[in-house]
Structure formats: C-alpha cells, structure tokens
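**Student:** Just so we're on the same page, the working numbering is the position in the sequence shown counted from 1, plus 1144.
Worth flagging that the hints you see were computed from the coordinates, not collected in a lab.
Mixed in with the good hints, there may be bad ones.
The calculated label-pair distances, taken between Cβ atoms and stated as ranges, are [said to hold, decoys possible]:
id, residue 1, residue 2, range
1, 1206, 1167, 13 to 23 Å
2, 1276, 1242, 14 to 24 Å
3, 1284, 1173, 16 to 26 Å
4, 1205, 1170, 18 to 28 Å
5, 1234, 1203, 32 to 42 Å
6, 1177, 1242, 41 to 51 Å
7, 1288, 1266, 40 to 50 Å
8, 1176, 1263, 37 to 47 Å
9, 1175, 1243, 29 to 39 Å
10, 1152, 1190, 29 to 39 Å
11, 1265, 1179, 34 to 44 Å
Subject to a maximum C-alpha distance of 16 Å in a straight line, what follows is the list of computed EDC-like cross-link-like pairs (lysine to aspartate or glutamate) [stated by the list, open to error]:
id, residue 1, residue 2
12, 1276, 1260
13, 1276, 1230
14, 1276, 1159
15, 1153, 1221
16, 1153, 1205
Ideal Cβ placement from N, Cα and C applies to all residues, glycine included.
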Amino acid sequence: MFMTFVVGKETYGIEISHIIEIIGMQEYTEVPEMPDYIRGIINLRGNIIPLMDVRLRFRMEPRPHDDRTCVIVTVVDTVLVGLIVDGVSEVITLPEENISSIQGIAGAQGNRFVREVGRTASGIVLIVDPNKLVNDDELEMLRSL
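Input sequences plus hints: build the corresponding full structure.
**Tutor:** In structure tokens:
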C-alpha cells in the first residue's frame, strides 16, 4: 500500500510502512548553513524534526505553502524527517504487475529519488524511496540537528 502525494504536476507514492504520520504545515525555525531544501526544524511532541521541501529537493520552482501543504513524517535511516509536499492524495494498493523498475526508463542508473513507477487507472505514480532522499553526508548533517 502506498500513500500518494502531489508535488508540482506529478503524483508520487511512498510505502505506508515508511510513514510515521501526516501533519499540516507548521511554523518552523530556520537553521543557518543548511541546504536550501532543508527549510528548518519543528518540535513535534518533543522530537526535533528537520523539514525537507520535496519541491526544492526535486529541483522544482519554490511555491508558497497553502492550506493543502502537508508534512509527511518519515524515517530516513534512523532520523525522523518531515517531507513538505504540495498535498496528500490517498492510500492506494498497487498490484505487483502494475509496478515497473525505473531503470531503462531513466537510464541504466535509474533515478536517485524514484525507485519504481506504478500504473493506476488515473495515471502514473512515481514511487519514492525515502532513504534515497538524502546521501550519507546529508544524513550526518540531519543527525546533528
């Protein structure tokens, strides 16, 4: 099962087993000398969580947050991370035969962030691997927050 979300014009999916919770966009504290896609940190019930703007991570144009903007709280390695997305859509089940590897579509290396492609009646869902959203150096930086 996958939670689908929208960033720009595209629909993405993340396995629900990776999701801790979904919250509305919150005020955050900016931290100096962070990459532009790390918007800041929030305090969620005593946990300090860095917020990653998925739009900026995917090299899309920034957009003001609105009432549909959500934060998907997930775990990357052992670090809680909030993924800022334009909106959350629905939970879907994708049969295995409707899921294809991104390799061959995006070259031999595939895509750094998108693990697979799912086909639904309404279109394509790009399946994101949250562990690929940060590299080892970035993960250490997030651990230090």
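**Student:** Taking the hints in turn, state whether each one holds.
**Tutor:** Hints, verified against the model:
1. 1206 / 1167: 13 to 23 Å: 20 Å, holds
2. 1276 / 1242: 14 to 24 Å: 21 Å, holds
3. 1284 / 1173: 16 to 26 Å: For residue 1284 and residue 1173 the Cβ distance comes to about 20 Å; the hint holds.
4. 1205 / 1170: 18 to 28 Å: Holds: the Cβ-Cβ distance is about 22 Å, inside 18 to 28 Å.
5. 1234 / 1203: 32 to 42 Å: 26 Å, violated
6. 1177 / 1242: 41 to 51 Å: Distance hint for residue 1177, residue 1242 holds at roughly 43 Å.
7. 1288 / 1266: 40 to 50 Å: 41 Å, holds
8. 1176 / 1263: 37 to 47 Å: Since the Cβ atoms of residue 1176 and residue 1263 sit about 43 Å apart, the hinted range of 37 to 47 Å holds.
9. 1175 / 1243: 29 to 39 Å: The hint (29 to 39 Å, Cβ to Cβ) holds, given that residue 1175 and residue 1243 are roughly 37 Å apart.
10. 1152 / 1190: 29 to 39 Å: Given range 29 to 39 Å: holds, Cβ gap about 33 Å.
11. 1265 / 1179: 34 to 44 Å: Holds - the Cβ-Cβ distance for residue 1265 and residue 1179, about 37 Å, lies within 34 to 44 Å.
12. 1276 / 1260: 12 Å, holds
13. 1276 / 1230: 20 Å, violated
14. 1276 / 1159: 13 Å, holds
15. 1153 / 1221: Roughly 28 Å between the alpha carbons, so the hint for residue 1153 and residue 1221 is violated.
16. 1153 / 1205: 12 Å, holds
Comparing the model with each numbered hint stated earlier shows that hints 5, 13 and 15 do not hold.
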